[in-house]
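Q: Produce the complete structure using the sequences and hints provided.
According to this note's numbering, the sequence shown is numbered sequentially starting from 14.
It should be emphasised that the hints constitute simulated quantities derived from the structure, not laboratory data. Any given hint could be a false lead.
To be verified - Computed list of lysine-lysine pairs in DSS-like fashion (alpha-carbon distance at most 30 Å, straight line): (1) 642 / 704; (2) 629 / 756; (3) 769 / 754; (4) 704 / 756; (5) 721 / 754; (6) 754 / 766; (7) 440 / 379; (8) 679 / 629; (9) 766 / 721; (10) 754 / 679; (11) 280 / 603; (12) 754 / 704; (13) 629 / 766; (14) 629 / 754; (15) 629 / 704; (16) 756 / 766.
Keep in mind that this is a model prediction, so the values were computed, not measured.
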Amino acid sequence: MTENLQSRCLANWNMEMKLDPAKDDLPLMANTRHMLVKHYVLDLDVDFKSQVIEGTVVLFFEPGSRCEKGGSAGEGPCLSQSYETCKIRASEPCHSPVTNVSACSSKTEYNDFAVCAKGEKDTSDKNGNHSNREQVSGISSSKNCYDIENHGNEDFLLVLDCCDLSVLKVEEVDVAAVPGIEKFTRSAKLTDAEELRNLRNQIVHELVTLPADHWREQLYYYTRCSQAPGCGELLFSTGPWSLMIGKAEVQAPRDFPHAIRIWYKTKPEGRSVTWTTDQSSRPCVYTMGSPINNRALFPCQEPPVAMSTWQTTVRTASCFVVLMSGENSAEPVQLQEGVLSWYYYVTMPMPASTFTIAIGCWTEVKQESHIADIRTTNEFSSLFSRADLRLIEGSCGHVTYPCRFQNPAASSQLVIPHRVFAPWCLKDRCAEILLELIPRCLSAAHGTLGTHPFSRLDVLIVPSNFSSLGMASPHIIFLSQSVLTGGSHLCGTRLCHEIAHAWFGLAIGARDWTEEWISEGFATYLEDVFWAVAQQLPHDEAREQQELKALLRWRRLRDEVQNSEEELQVLRPNKENTGEVSESGTCIIKHGLNAEKIFMQVHYLKGYFLLQSLAKRIGEATYFEFLRKFVQKFHGQLILSQPLLEECQTWDQCRLVQQVNDEVTKWIQVNQRARKRSKRKRRQDEVTFQKLLPDQLVLLLESLLEEKTLCLRTLQCLEKTYHLDEQDAEVRHRWCELVVKHKYRRRYADIEKFLKEDQVSLIY
Numbered sequence: 014m015t016e017n018l019q020s021r022c023l024a025n026w027n028m029e030m031k032l033d034p035a036k037d038d039l040p041l042m043a044n045t046r047h048m049l050v051k052h053y054v055l056d057l058d059v060d061f062k063s064q065v066i067e068g069t070v071v072l073f074f075e076p077g078s079r080c081e082k083g084g085s086a087g088e089g090p091c092l093s094q095s096y097e098t099c100k101i102r103a104s105e106p107c108h109s110p111v112t113n114v115s116a117c118s119s120k121t122e123y124n125d126f127a128v129c130a131k132g133e134k135d136t137s138d139k140n141g142n143h144s145n146r147e148q149v150s151g152i153s154s155s156k157n158c159y160d161i162e163n164h165g166n167e168d169f170l171l172v173l174d175c176c177d178l179s180v181l182k183v184e185e186v187d188v189a190a191v192p193g194i195e196k197f198t199r200s201a202k203l204t205d206a207e208e209l210r211n212l213r214n215q216i217v218h219e220l221v222t223l224p225a226d227h228w229r230e231q232l233y234y235y236t237r238c239s240q241a242p243g244c245g246e247l248l249f250s251t252g253p254w255s256l257m258i259g260k261a262e263v264q265a266p267r268d269f270p271h272a273i274r275i276w277y278k279t280k281p282e283g284r285s286v287t288w289t290t291d292q293s294s295r296p297c298v299y300t301m302g303s304p305i306n307n308r309a310l311f312p313c314q315e316p317p318v319a320m321s322t323w324q325t326t327v328r329t330a331s332c333f334v335v336l337m338s339g340e341n342s343a344e345p346v347q348l349q350e351g352v353l354s355w356y357y358y359v360t361m362p363m364p365a366s367t368f369t370i371a372i373g374c375w376t377e378v379k380q381e382s383h384i385a386d387i388r389t390t391n392e393f394s395s396l397f398s399r400a401d402l403r404l405i406e407g408s409c410g411h412v413t414y415p416c417r418f419q420n421p422a423a424s425s426q427l428v429i430p431h432r433v434f435a436p437w438c439l440k441d442r443c444a445e446i447l448l449e450l451i452p453r454c455l456s457a458a459h460g461t462l463g464t465h466p467f468s469r470l471d472v473l474i475v476p477s478n479f480s481s482l483g484m485a486s487p488h489i490i491f492l493s494q495s496v497l498t499g500g501s502h503l504c505g506t507r508l509c510h511e512i513a514h515a516w517f518g519l520a521i522g523a524r525d526w527t528e529e530w531i532s533e534g535f536a537t538y539l540e541d542v543f544w545a546v547a548q549q550l551p552h553d554e555a556r557e558q559q560e561l562k563a564l565l566r567w568r569r570l571r572d573e574v575q576n577s578e579e580e581l582q583v584l585r586p587n588k589e590n591t592g593e594v595s596e597s598g599t600c601i602i603k604h605g606l607n608a609e610k611i612f613m614q615v616h617y618l619k620g621y622f623l624l625q626s627l628a629k630r631i632g633e634a635t636y637f638e639f640l641r642k643f644v645q646k647f648h649g650q651l652i653l654s655q656p657l658l659e660e661c662q663t664w665d666q667c668r669l670v671q672q673v674n675d676e677v678t679k680w681i682q683v684n685q686r687a688r689k690r691s692k693r694k695r696r697q698d699e700v701t702f703q704k705l706l707p708d709q710l711v712l713l714l715e716s717l718l719e720e721k722t723l724c725l726r727t728l729q730c731l732e733k734t735y736h737l738d739e740q741d742a743e744v745r746h747r748w749c750e751l752v753v754k755h756k757y758r759r760r761y762a763d764i765e766k767f768l769k770e771d772q773v774s775l776i777y
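A: Shown next, in the form of structure tokens:
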């Protein structure tokens with residue numbers, strides 16, 4: 014069966030090599046519909062001298078959607094292609110301990126299939142190192158542990174997304190060897206090797222499906238299992254975009270090991286992280302938002318559907334500070350002189366692309382006046398960790414996890430705990446600008462959308478080579494040094510934009526990466542709203558600022574449309590196939606590697622104008638009421654634009670909109686009667702109109718603008734009923750459009766006044 018695995022790995026590698034290098038599409042190779050990662054445990058050492066991150070990642074799996082109902086590998090191959098057999102060189106068996114794992118595997122070229130000592134059983138020494146001293150003959154048999162009928166004879170192949178990594182060794186983890194793990198087993202009988210394999214997978218299943226209020230216990234056993242000895246090395250091979258792992262004679266995903274450990278090291282030229290120096294000329298490394306995301310940082314499942322939790326231990330020299338997208342504020346532990354260990358974790362399942370790390374000689378920026386606020390929110394943080402404040406199962410639409418939206422204390426928390434980090438030379442500037450802005454922007458966001466999705470926030474000023482003004486990840490925001498000059502305006506608006514991503518882009522993500530307009534459009538629209546509230550602007554002044562920004566964005570969009578490829582401007586490039594994946598879960602991200610896209614804002618801008626038009630159509634009050642309900646319904650989930658737009662149709666069903674619809678019907682009836690020019694005026698013809706809010710008036714007039722004709726008598730009645738010449742500029746603007754459309758000459762003076770006194774509204 015080894016030859017079978019070898020040929021399939023080679024076929025997969027050949028497929029990757031056949032990807033057109035002239036095209037800029039990004040392949041996502043992980044077969045997530047067969048196996049789905051539920052949790053990662055990373056244990057990493059960072060060496061700035063060699064610019065290498067080295068260590069292990071332990072992955073805990075569940076069978077994917079194709080296998081949940083008793084499917085087997087025989088239902089279809091993992092990759093839709095023809096397989097050819099080929100003679101492939103095997104590497105030498107591995108016998109070296111963990112402390113020198115780099116020696117355990119010869120270099121695996123793209124056409125090499127690494128076969129480490131078959132069936133070796135790992136034992137753990139007193140220092141926790143795993144060595145391969147004891148060998149057993151052969152690899153486990155193919156008899157199905159879950160009594161699934163065997164169809165066909167192809168061995169199952171696990172495919173992970175991987176690029177620019179040196180994979181040294183892959184092994185199955187003996188989770189059954191963890192003391193106290195018996196609580197996760199239904200039966201302690203271990204009569205033969207088959208039952209032992211079954212038991213290991215059963216333990217992992219019970220562990221990954223623990224209730225949300227057991228999150229502490231779950232993290233504890235994830236840690237213990239990740240430290241368990243190995244129980245047999247697995248076959249593996251690396252391709253340009255993937256890591257392929259197999260176990261001889263295992264044909265169904267259900268029978269494949271559900272806990273595996275991968276020994277690997279990054280490469281200095283890896284594209285997931287940047288090794289550089291900060292503004293104080295001190296070394297640092299960080300994830301800078303690469304098009305390939307984190308696949309050059311650790312082997313993972315990249316498709317957004319692979320939402321997982323993680324925990325990470327990072328060891329590095331004591332002069333460095335490790336910041337990550339974890340929900341805890343890590344406190345370093347000294348392991349030995351000059352070496353610190355940092356530990357982060359998350360309990361909210363999210364795509365692997367949201368994993369973020371920044372290691373450098375960062376300085377925390379503090380200000381005495383902010384200490385009281387932070388202490389207050391820290392008191393909340395300690396309360397929130399209690400299990401009785403955690404998720405009320407069934408009340409949210411996502412999988413169970415410790416959800417802040419079900420926590421009354423979190424819902425009322427205007428400002429979450431936050432810290433600011435920067436290179437030493439920018440400390441004073443950050444204290445002057447950022448410390449005062451962050452609480453205002455956080456409070457404005459809460460006032461607009463409600464509960465903060467994440468429990469804390471770090472803000473880091475990243476090195477000058479950062480190619481964007483900002484980047485948001487769970488619990489951490491990267492900002493460019495460029496936002497610190499020229500006053501607080503640019504810093505405030507960019508901060509608001511990144512804070513908005515906590516809701517749209519992170520708590521609610523796009524199921525198809527080509528639909529980036531969903532997150533970027535919302536963030537661009539909301540940055541104006543947050544910033545106006547943070548500045549405490551009067552309504553008219555806020556509207557004027559937003560109209561000015563809209564004009565600037567329109568000009569920018571016009572330029573981009575004229576100077577970029579038309580294919581890159583499409584919001585849904587996959588059209589009716591948006592969100593679809595192959596039989597195994599693999600897919601292609603159109604233009605995912607296009608260098609030009611990094612500098613384009615067309616998706617930001619088109620998304621912004623789409624959302625702006627929807628808001629104007631139904632009125633701001635109704636629009637933000639909808640947004641809050643939308644966040645409450647879809648947080649913790651991945652969405653496509655089509656359901657989003659379908660959800661928008663429910664706006665017409667809200668009370669305020671329905672009230673306007675009723676009034677529109679009345680006015681159409683009034684107009685129809687007026688056109689008959691009846692000279693008899695009957696009392697029963699009189700109509701009572703409801704009092705409307707300004708935004709309702711705008712919607713009413715826009716609806717009447719769609720009518721082909723309105724007679725003079727109807728226009729006179731409209732003007733008198735709502736005192737239109739006394740309304741705000743938004744209402745008067747629509748009134749002027751009606752005057753022009755129907756040549757209501759008596760009110761041309763209203764147009765002249767509007768053009769003279771409300772010129773900023775001409776943007777519409």
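Q: Next step is simple, just say for each hint if it's right about the structure.
A: Hints, verified against the model:
1. 642 / 704: 26 Å, holds
2. 629 / 756: Holds - the C-alpha atoms of residue 756 and residue 629 are around 25 Å apart, at most 30 Å.
3. 769 / 754: 20 Å, holds
4. 704 / 756: Since the Cα atoms of residue 704 and residue 756 sit roughly 27 Å apart, the hinted pair holds (cutoff 30 Å).
5. 721 / 754: Given that 30 Å is the threshold and the Cα spacing comes to 9 Å, the pair holds.
6. 754 / 766: 17 Å, holds
7. 440 / 379: Answer holds: residue 440 to residue 379 is near 9 Å, not above 30 Å.
8. 679 / 629: Since the Cα atoms of residue 679 and residue 629 sit roughly 22 Å apart, the hinted pair holds (cutoff 30 Å).
9. 766 / 721: 26 Å, holds
10. 754 / 679: 21 Å, holds
11. 280 / 603: 26 Å, holds
12. 754 / 704: 25 Å, holds
13. 629 / 766: 23 Å, holds
14. 629 / 754: Holds, because 20 Å separates the two Cα atoms, which is no more than 30 Å.
15. 629 / 704: 19 Å, holds
16. 756 / 766: Given that 30 Å is the threshold and the Cα spacing comes to 16 Å, the pair holds.
Going through the hint list in order, the structure satisfies each hint without exception.
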